[in-house]
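> Given chain A, work out where chain B should sit, using these hints.
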Amino acid sequence: MRLFNKFNTLVLTVFSVLSINALYAGHDEVDGYVENDFNIGEMIMHHIKDAHEIHLWGDAHNGTSIYLPIILVDGGLKTFSSSHLYHGELKTTLDHTTHEEIHYVAGVGPAEGYAIFHEKIYKLENGELQFENNHPHNAKPLDFSMTKNVIVLLLTSLIICLFAIGTARYYKKNGAVAPKGVAKFIEPLVVFVRDDVAKQNIGEHKYKKYVPYLLTIFFFILIGNLLGLLPLLGANLTGNITITCFLAACTLLATVLSGNKNYWHHIFATPGVPVPLLIIMIPIEVVGILTKPFALMIRLFANITAGHVIILAFIGIIFINKSAAWGALSVPMALFISILEILVAFLQAYLFAMLSALFIGAAVEEHHH
Amino acid sequence: MDLITPDLGLLFWTGLVFIALLFILTKFAWKPILNMVNTREQKITEALELAEKTKAEMQLLAAQNEELVKEARRERDAMIKDAKATADKMVEDSKNKAKEEAEKVLESARVSINAEKAAAVAELKAQMAAFSIEIAEKVVRENLSSDEKQKALAEKLAGEINLN
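If you're matching them up, the sequences are chains A and B in order. No gaps in the numbering here: position 294 of the first sequence is 293 in numbering that gives the first Met the number 0, and each next residue is one more. No gaps in the numbering here: position 108 of the second sequence is 107 in numbering that gives the first Met the number 0, and each next residue is one more.
Looking at chain A on its own, in the form it has when it is part of the complex:
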């Protein structure tokens, strides 16, 4: 066990060093130019946003990256590797409003006619990007690429499937016995979600239907959060607004679709409210339906992103000061936040599932007056 711990520590250390390396090197790879000043804001934004590659280590052009497939819908389906976009033709253009020089890389080969700027793919106009206020003005093709987040999404799903189906197979093989191995880890969480999340918030009689959804959402967020803490991969799945938006939309859909007569009655004819007041109350209640999942979306996104930003900022201290000695301060602090983030990973998964159950519970609640 102790040996295993030591091995773990070693692996973590190696990963951390690699990811710090990648972090410093990767901040300006899009431009293709190595700037002299370390821009921490740009570095952090680059790391918490989605990308079309998984950058492992090394400098932008000499570095090691996993180039992900680009899938564009632009008058037909176009697929090619993102390396054609990242390692294309270096171009320089003038911004139309600020008249500053801007460097970007235009795609070559199968990526001809496209350019990537700050991880967004644009169509070239007359072979160029048109900049206004440092933003390209060009048209964007529909981008269905397998981005870093899609890869992490698939990885997350795969891990959950392995754990959950492994547990199911254990029971299928051994019958209803005490859990062992992977089942020992998964079962308490499953029972926790069933009893403390679903049963408690939805109610004894109606909770069963929602348990699979709550379990899926709980494990999806939990594993997504934990993968986000892994160095090297540099994932920020659950800190991505698209993901949290989708999950919140699912909860909204579940709430609205399972709302019973009592629920809608409370919204459109709140008992005990005089009729003229309903003119004000109905819009408030309708907005209330939307604000609840909206808060879910923002809560998860902000918590996870903030955690990543703090860790990156602490590590960034070393590079701002250009001295490894600052590591003595920043590494313990980043480590502390990382450990805190493990707690947050569980907490946010629990909160999202619990609040989803609470909203569904309110929608299926029976009349009690």
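These aren't lab readings, by the way, just hints derived from the structure by calculation. There's no promise every hint is true.
Below, computed lysine-lysine pairings styled on PhoX-like, alpha-carbon distance capped at 25 Å [stated by the list, open to error]:
#  : chain 1 : residue 1 : chain 2 : residue 2
1  : B       : K124      : B       : K103
2  : B       : K42       : A       : K198
3  : B       : K26       : A       : K208
4  : A       : K183      : B       : K30
5  : A       : K205      : B       : K42
6  : B       : K42       : A       : K172
7  : A       : K205      : B       : K26
8  : B       : K103      : A       : K207
9  : B       : K42       : A       : K179
10 : B       : K148      : A       : K207
11 : A       : K179      : B       : K26
12 : A       : K171      : B       : K80
13 : B       : K88       : A       : K207
14 : B       : K26       : A       : K183
15 : B       : K42       : A       : K208
16 : A       : K172      : B       : K30
17 : B       : K30       : A       : K205
This structure is a prediction, so every number in the text was calculated from the model and none was measured.
Frame of chain A, contents of chain B only:
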């Protein structure tokens, strides 16, 4: 702004993957797991109930046993008491009988002793009388064996007679 703008491509993949995940997990993981957990919980509840029932039965049995033991003890005590009473009575009876017998023997002994005693006394008396007469005869004979003696006696007797 990029950070808080949902991305269509990612939304598409997320929807696809999440819905697939939801269906796969529900069918192949959550339902079997929850079923098994429920079955096991039921089994445990049943086992606990059975244990509780068995315990109650055991208690009842123990109580019955205790009652039986008590009963047996009571019976034994009664038997012992009876036996003791009988024995006591027998001892008492035999004692009384023996006493009576002894008294009878004593009485008859006493009667015969008295009779013997009376006979002996009578015989003693008779013999004493005979001895007395013999002794008196011998004394008289001795005293009257010679003249001097006859004279001395006569004198003595005469001396004793006071001529008042």
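> Each of the hints needs a verdict: does it hold here or not?
Hint check:
no., hint, result
1, B:K124 <-> B:K103, "violated (31 Å)"
2, B:K42 <-> A:K198, "holds (20 Å)"
3, B:K26 <-> A:K208, "holds (13 Å)"
4, A:K183 <-> B:K30, "holds (17 Å)"
5, A:K205 <-> B:K42, "holds (23 Å)"
6, B:K42 <-> A:K172, "holds (18 Å)"
7, A:K205 <-> B:K26, "holds (19 Å)"
8, B:K103 <-> A:K207, "violated (105 Å)"
9, B:K42 <-> A:K179, "holds (18 Å)"
10, B:K148 <-> A:K207, "violated (162 Å)"
11, A:K179 <-> B:K26, "holds (22 Å)"
12, A:K171 <-> B:K80, "violated (70 Å)"
13, B:K88 <-> A:K207, "violated (83 Å)"
14, B:K26 <-> A:K183, "holds (20 Å)"
15, B:K42 <-> A:K208, "holds (23 Å)"
16, A:K172 <-> B:K30, "holds (15 Å)"
17, B:K30 <-> A:K205, "holds (16 Å)"
The structure fails hints 1, 8, 10, 12, 13 (numbered hints given earlier, in ascending order).
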